[in-house]
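Turn these sequences into a full structure, and let the hints steer you where they fit.
Sequential numbering from 1 applies to the sequence shown in this note's numbering.
One thing to keep in mind: the hints can contain errors.
Keeping only pairs whose Cα atoms sit at most 16 Å apart, straight-line, the calculated EDC-like set for lysine to aspartate or glutamate is [said to hold, decoys possible]:
#, residue 1, residue 2
1, K123, D85
2, K189, D85
3, K189, E232
4, K43, E122
5, K189, E122
6, K264, D351
7, K426, E323
8, K123, E56
9, K264, E290
10, K59, D94
Pair ranges (Cβ atoms, derived) [unchecked claim]:
#, residue 1, residue 2, range
11, P420, I147, 31 to 37 Å
12, A456, E237, 42 to 48 Å
13, T289, A453, 45 to 51 Å
14, G377, L263, 50 to 56 Å
No wet-lab data here; the hints were simulated from the structure. Yeah, the Cβ is synthetic: ideal placement off N, Cα and C, and Gly gets one too.
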Amino acid sequence: MSDGGREDGMGDGGAASESGNGSPGPAEQEFDFSATINKVKDKPCALNRIEIVGDERTKRQVIERELEVVRSAETLEDLMQSLSDAVDELNALDIFKTVDAVIDAGPDHLPNTADVTVTVEEKSGYGLHTGLYVQGSETTAEVSGSIKNFFGYAEEFDLTMSQGNAFSPKTRSGRYTLSWQDNRFLGTKSQLRAQVFRTTSSFLNFSSYSENKTGLGADWVSPGGAHKLGYELAWRELFCGRESNNASREVLQQAGHNLKSSLKHVAMADSREVAGALVSRGAAIQATTELGGIGLDPNMFRFFREEVEVVAERPVPILSGLETALELRLKAGVLLPWGKGCFDKPTYIGDRFFLGGTGDLRGFWIKGAGPTGKCRGAGDNEEADAAEVRPSTSSEGRIRDALGGDVMFSALAALNFEVPFAPALKQAGIHAHVYGNAGNCVGLPGYGRQALASCARELKEKTRASFGVGLVWSSPIGKLEANYCRVAKAFAHDKWRNGFHFGFSTSNLDFQH
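Now the structure itself:
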């Protein structure tokens, strides 16, 4: 916010004076703006008018809505603060290159008033982004284009296309999405987003199937982002393609089409604060609740899905001169079917929880822990070898399909610390950690107390565990980790390996310094 003109007509010290010999006096040699403002900041000052300059595409009502708070100012200090807040809100719309505001004295016949001039420079409104991503054995290229503020209401249209290069054209991963977003829904600070999409998710390397999903959805986000409410209607197709001769019986039984109609609510609370360049202090929690099967179609999978993630971090000064913090993270989830005869058939594999990888159980491969099903192409000797608790490589042939589970938990305890004698790593946001992981993922064998007792017993008796040390780079889009891992507890059919692992993970609870 520009300061120009605030002293004119606002109080003392605005006029220049000359001494008798024509040379400037001591008071004129240096003007103390802060001192002048302090003298007049509490004096009555009401807004007379607001002038907006530079709004070519943007509807004037969009800018005036953000400036409405300025009209309630009663003193100069109130006016300056409310105008500064309004400028921040205008910048947050992300449709302006610059936003400048100037306060001037009102007309002479209206004392104790001020005029405000807001000058905006609009962005072009067009954006293009390209990216290349590698996950497992598949490389995915992404192109997205966006148009902002086309109609002048600070709205945004986005078209995203991504395509993987692995497997056949029908089973490679891909996503096509057209979305519209209103960042000031109904004039409030909430957001509304609507989209149509078609996605192909390939899990051939893990579970012998791919899934096509075509549909539409809408999401509402509350002011501040503490709550998100969404609805999704999608037609899903699960198919095995060339893997149909090898896929497990459990996967083949679910091949075909089904309709998904679900409501989802996400709640988040975050009390963390910065406690250093690399560490934070406080806790955060996110709870995701989804109710599927809303509608009259009797063939829909009807389910209730709950997932909760909690993270807490606290600085612990145990390494002299180095930033050090203890991090605790817990994630748990449950998937329950509902409706008539809900326990007569298994839950849908695309709705289940999977375990393994950098994000939840280090030392295990992605989807490398939990329930599995024997692939039909696996021989008896291979199956006998797989039943042994032994390490595996990522290139090892798949003998069993990962099936996922209905109940899952993973826990992390880590000591995060600054890398000694490496200030460049600290500046880049890279820190070291020593960690311990534990987790499990099981299916729900039925309903009632006996089923719950069996599930709880398996969760306890077959908990996997690992520990290790490594480096973590916290980037704006996720965490990249290089770890040396040791698996302390694994079971038959798990896919794991001791040694160095490199991985990338994302979480809405990752803290950005």
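Quick rundown of the hints versus the structure:
1. Distance check on the hinted pair: K123 and D85 sit about 21 Å apart at the alpha-carbon level, beyond 16 Å; violated.
2. Of the pairs offered as hints, the one joining K189 and D85 holds, with about 14 Å between alpha carbons and a cut-off of 16 Å not exceeded.
3. At roughly 23 Å between alpha-carbon atoms, K189 and E232 are farther apart than 16 Å, so this suggested pair is violated.
4. Only pairs whose Cα atoms come within 16 Å are accepted, and K43 paired with E122 is rejected, the gap being roughly 35 Å.
5. In summary, the hint linking K189 to E122 is not supported, as the alpha carbons are separated by about 20 Å, beyond the 16 Å threshold.
6. Annotation: proposed proximity of K264 to D351 holds, straight-line Cα distance about 13 Å (limit 16 Å).
7. About 10 Å separates the Cα atoms of K426 and E323, which keeps this hinted pair within 16 Å; it holds.
8. Distance hint between K123 and E56 is fulfilled; the C-alpha atoms sit about 11 Å from each other, no more than 16 Å.
9. Between the alpha carbons of K264 and E290 the distance comes to roughly 4 Å, so the proposed pair stays at or under 16 Å and holds.
10. Our distance criterion of 16 Å between C-alpha atoms is met by K59 and D94, whose separation comes to about 15 Å.
11. Look at P420 against I147: about 49 Å separates their beta carbons, and that is not inside 31 to 37 Å.
12. Take A456 and E237: their Cβ atoms lie about 35 Å apart, and the range 42 to 48 Å is violated.
13. Taking 45 to 51 Å as the suggested C-beta distance range, the pair T289 and A453 does not conform, at roughly 25 Å.
14. As the Cβ distance of G377 to L263 is approximately 40 Å, the hint placing it in 50 to 56 Å is violated.
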